[in-house]
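As they're listed, the protein sequences go chains A and B. So the first sequence is numbered by UniProt numbering: it starts at 1 and just counts up by one. So the second sequence is numbered by UniProt numbering: it starts at 1 and just counts up by one.
Think of the hints as simulated: they come from the structure by calculation, not from any bench. Just so you know, nobody snuck in bad clues.
Here are the simulated lysine to aspartate or glutamate pairs, EDC-like style, with alpha carbons at most 20 Å apart:
(1) A:205 / B:147
(2) B:28 / A:167
(3) B:91 / A:167
(4) B:146 / A:99
(5) A:205 / B:145
Just a sample of chain A residues kept apart from chain B, beta carbon distances all over 12 Å, derived:
(6) 40
(7) 45
(8) 119
(9) 135
(10) 182
These stretches of chain A come out as covered by chain B in the derived footprint (C-beta under 8 Å, 3 or more residues):
(11) 159 to 165
(12) 170 to 177
(13) 188 to 200
Yeah, the Cβ is synthetic: ideal placement off N, Cα and C, and Gly gets one too.
Chain by chain, the residues:
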Amino acid sequence: MKKILPLLAAYLVLALSSFIMLRPDVVGYQVGDKVVDFKLKNVDGKLVSLADNKAAKGYIVVFTCNTCPYAQAYESRILALHQKYASQGYPVVAINPNDPSVAPGDSFAEMQKRAKAKQYGFPYLQDETQQIAKQYGATRTPHLYVVARQGADFVVRYIGAIDDNSEDATLVKTKYLENAMTDILAGKPATVNSTKAIGCSIKWKRA
Amino acid sequence: MNRLTLLFSAAICFLALPSQAQQVEVIKLPELQKRLSRATDTTYVVNFWATWCAPCVKELPYFDQLTTTYAKQKVKVLLVSMDYASQLDKKVKPFVLKRGLKSEVVLLNEPDPNTYLNKIDAKWSGALPFTMLVNNAKSKRATFEKEFTAEELQKQLQAFL
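Whenever a hint applies, use it, and build me the whole structure from the sequences.
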C-alpha cells in the first residue's frame, strides 16, 4: 500500500493537469470577478494596459481577429460600439488571441494592416502568449467582456454576445450588449449579464 | 441531336445523380432535438461545423469515415452545418458534393445562438467545431468543444459501443 500511494497521488496530479490542459475554457472570469490587468502590444507598437486610461469608467474588451468570418461580420458593429460608448466612458479594447502559426492572417503585421484599413479608433492588441484569453476564459472570436472600474480594480459586468443576429445587423431583435450597457451606465447590474454566440474557436498554440 | 451529344447528356445526367442523392435538409431546433432524444440504442455522433471553419473542415473526413467504418453497427453520424441558410446553395451543397460526404448533412437554421445553444448543450460556449456523442438507451452523453484527430474520435466512440 505504501508503494501504491505515491503512485496514486502522481496519477491524480497527472489526471487533473491533463484535464485542465484539455479544457482551457472551464477556467475563466465570471460576472463579478476582478480582472488582472494586462500589458499587451498594440498595432502602433506601444504597450497598453487597462490602467493607462485614467478617464475610463470601464472597457468593452473584445476578443476578436482578422480571419474569422463572424469577427468580420461584427467588425463594423464593434466600431460602432466604440463610437457610441467611448464618449460615455467605456471605450473598446480589441485583443487578438489567435496563434499566427495556426492562422497566418492573424500575424501582427496583418493586424496592423486591418486596423489601418478599417480605421480602428481603439487599441488592437496581440495576446502573443494567449495568457489573457485563457485568464478571461475566452473560447471564440468575437467574445466580449464589459469590465467596470471599482476602486483600483476592474470588475466583469457582462460576458458574451453583441446581439442576436450575426448575419444581418438590420434583422437584430435584441442588442444584448447595448442592453447590458444601458443598465451598467445607470449604475445597475446588467439584467442579462451573460449570453452565448457562435464564433470561431480561438486558434490555440499547438503543444 | 446526334448520338454522341445524346450519350454525353446521358452521362452528365448520370454523373449528376449523386448530388441529388445527397440532400442537405434545412431544419429548426425542435427537429434537431427530436432526433437527438430518440430512445434507441443507436449512438449518434453529432458534429457541428461550418464551411468557413478551418478546423471543422479539417476534421470532417474523420467523422464521415465513421459512417463507412461503423456501417454494420448502431452508429449514426449527423453533420450539422452552422452556415447561414442563405449560403445553402452557394456554399454548403457544393461543399458536400465536392467532398462526397456519405453521412447525413443538415443545416440548422436558427438566428439567435443565445437562445438555442443552451438547448442543445449547456456546456457549449458557441465555438466551432463542437461534437456530441449521444446514446439514449444507455443514457450516455459526451460533448467536446475542440478539434479531433481521427484516433481520438474513434477512441471516444468506442467507449459508447
